[in-house]
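S.K.: So the protein sequences, as listed, match chains A and B.
For the first sequence, the positions run 218 to 568 when the working numbering is used.
For the second sequence, the positions run 588 to 799 when the working numbering is used.
Among these hints, one or two may not hold up.
Output of the computed footprint for chain A on chain B, the stretches with three or more beta carbons under 8 Å from beta carbons of chain A [as the list claims (entries may be wrong)]:
| hint | region |
| --- | --- |
| 1 | 619-631 |
| 2 | 640-647 |
| 3 | 665-677 |
| 4 | 712-726 |
| 5 | 768-775 |
| 6 | 785-792 |
Honestly, the hints are just simulated from the structure, not real lab data.
Since the model is a prediction, treat every value here as computed from it, not as a measurement.
Each residue gets a CB set at the ideal place from its N, CA and C atoms; glycine is no exception.
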Amino acid sequence: MRRRAAALALALSLIFPVITAAQAGTAELLQQARQLYERLEIERALPILRQVVSPGWPLEVTNAQRVEAYKYLGAALVLRGKPDSAVLYFRAALERDAFADLDPGQFTPAQEAAFAVARSRTFSVGSQPIPETRLDPRTGRLTVTVVTTHAATLRATLRALGGTDYVVLYEGPNDGAREIGWNGLGPDGRLAPPGRYDLTLVGRSRIRAQVDSLRIYLDVQHDVEPLEDTLPALGDGELVPERHPESTAGTDLLKGLGVAVGALAVGSLLANDRLGAGREGRIMAGVATVGGVAAFSYRRAHRAIPRNVALNAARRAARDAGNAAIRQRNADRIARTLLLVTPASAPTVRP
Amino acid sequence: MRLVVAGLLLPAIASAQGIELSAVATVAHGDHRVDAGFGTERTTGLLIGAATRLRLGGIALTLSGEAGHLTAVQSTGGIDRDLSQIGAVAQFTPLPWLVLESGVTLRSFGTALARQRWTLVRAGAEAQVPLSGETFWAVGHAHLLPVVSVNGLPNAATAFDAGTGLAYRRGRLLFDLTYTLERCDFPSQGSTRRSEQLGTLALRGGVSLRPR
Chain A
218 MRRRAAALAL
228 ALSLIFPVIT
238 AAQAGTAELL
248 QQARQLYERL
258 EIERALPILR
268 QVVSPGWPLE
278 VTNAQRVEAY
288 KYLGAALVLR
298 GKPDSAVLYF
308 RAALERDAFA
318 DLDPGQFTPA
328 QEAAFAVARS
338 RTFSVGSQPI
348 PETRLDPRTG
358 RLTVTVVTTH
368 AATLRATLRA
378 LGGTDYVVLY
388 EGPNDGAREI
398 GWNGLGPDGR
408 LAPPGRYDLT
418 LVGRSRIRAQ
428 VDSLRIYLDV
438 QHDVEPLEDT
448 LPALGDGELV
458 PERHPESTAG
468 TDLLKGLGVA
478 VGALAVGSLL
488 ANDRLGAGRE
498 GRIMAGVATV
508 GGVAAFSYRR
518 AHRAIPRNVA
528 LNAARRAARD
538 AGNAAIRQRN
548 ADRIARTLLL
558 VTPASAPTVR
568 P
Chain B
588 MRLVVAGLLL
598 PAIASAQGIE
608 LSAVATVAHG
618 DHRVDAGFGT
628 ERTTGLLIGA
638 ATRLRLGGIA
648 LTLSGEAGHL
658 TAVQSTGGID
668 RDLSQIGAVA
678 QFTPLPWLVL
688 ESGVTLRSFG
698 TALARQRWTL
708 VRAGAEAQVP
718 LSGETFWAVG
728 HAHLLPVVSV
738 NGLPNAATAF
748 DAGTGLAYRR
758 GRLLFDLTYT
768 LERCDFPSQG
778 STRRSEQLGT
788 LALRGGVSLR
798 PR
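In isolation and in its complexed conformation, chain A is listed as follows (with noise of 0.2 Å):
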């Protein structure tokens, strides 16, 4: 275990040194070449310079240190007096950058006016990283920072991955570095839904007949507070029979019958015999015979239940009302969706 511990570490040690050997390489190099132009040793900055963006350069070189080299390069050249040829390293220095400029306090105005007109020779479309954005589509937008080379006309749209309708973020003329916003809806006006989408840029160039476009994927998720499920319908153990079972009617006869046949009952079998009885039970059962037959009557007529339809009718509406008010809470939630948008893994692309 412990030698292989020794054996890892000793591989690394091994490949690390190498990478950061390759980068500070290439660093250490283009920072001599600076110093070297800067004490106008010039001809001795043009090999180190060349050296860096030669095919044959074994050193890892990110775009960046290839940009400044170009610009390096193109200065240099100015200095020299070849425009022609430093106008061509600054074309390709704005080919790899579209946001490459050259600082007035560091060139000379001979030098701007080389990389100016390398700029009106050379047509690019370039945009900044997407930057990572916690977006309120209510009140906040998405900014990109795009940029064309020179006067062109500009057309930014972006829209879901696979999906054929576009928002248009920017239409018309533009030159140079220009800000662009999204605000976070999609085409339908509504809030873009959650995936990956396209940001496409693409230039007409106002001075020479080129077109330049540039396509960043980003990724759009929605940030929405977890919301409420809604109330169950209701089970039967929480309502009550609306309806009288059919038998309820028969019931209702036998009761009012019960009532006679005990009338009766009460007049002959608990009177005494020899006093007898009046009328009055068979009054009663007269009457209660005639109540049962009602009441058999209007039981099969009549089988809802009054009271219990209300009360279920109120538990329908209390849960209604509760389900209402957690809609309203849900599509309060969804109304305060934010959009976290992330550049995507996807690279940059040019068609």
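Given the coordinates of chain A, assemble chain B onto it according to the supplied hints.
M.R.: Then chain B, alone, in the frame of chain A:
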């Protein structure tokens, strides 16, 4: 003055505290029969009265009073008499359909010849089941009368009452029609044994201060 104030305030108190107070008027047809060893004497007539009931939860107290003139039925050898009675009944409702009750009735039979006073103590139950929804009810009741004291007579040996009826309750309105047979058998004295029986078919109607 205090009684007047109490009478005015009682409905408000009843509403506020969930007390139910009801009052009913009674019209009854009475059929009184007596056999004292000389054949059956029978008198019938209308009784008019009123009752009030105060209920608090499952406990209630009813006070009632009736009076009327019973006319002798020809060919039975009786004589006319006036009946008046007051009663108090305490009720307890252990189940929605069952009322246990106990009470006392003071009754007076007055004739041209004499006045007879009765004291009846009763205990029993009343059952009520809905006949159609909760508007019409079928009612049955039965009581034992363990104490029936009559001046000039020994206490009754066997006494009970039973009956059935229909009741209508809707909102504040209360109506019921009840048939009751009250029977008292007195101990034998020599060769005679006195029996008395009062059958009534009573129609009551009134209002409740709290809808049921």
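S.K.: For every hint, state whether the structure bears it out.
M.R.: Structure-based check of all given hints:
1. Counting residues of the region 619-631 of chain B whose beta-carbon sits less than 8 Å from any beta-carbon of chain A gives 5, enough to reach three: the coverage restraint holds.
2. Counting residues of the region 640-647 of chain B whose C-beta sits closer than 8 Å to any C-beta of chain A gives 0, which falls short of three, so the coverage hint is violated.
3. Only residues whose C-beta sits within less than 8 Å of a C-beta in chain A count toward coverage, and the region 665-677 of chain B has 0 of them, not enough to reach three; the restraint is violated.
4. Coverage of the region 712-726 of chain B by chain A holds [criterion: at least 3 residues with CB-CB distance below 8 Å; count 8].
5. Check on the region 768-775 of chain B: 3 of its residues sit with their Cβ under 8 Å from a Cβ of chain A, so the three-residue criterion for coverage holds.
6. With a cut-off of 8 Å between beta carbons, the region 785-792 of chain B has 3 residues touching chain A; three or more are needed, and the interface restraint holds.
Of the hints listed earlier, those the structure fails to meet are numbers 2 and 3, in rising order.
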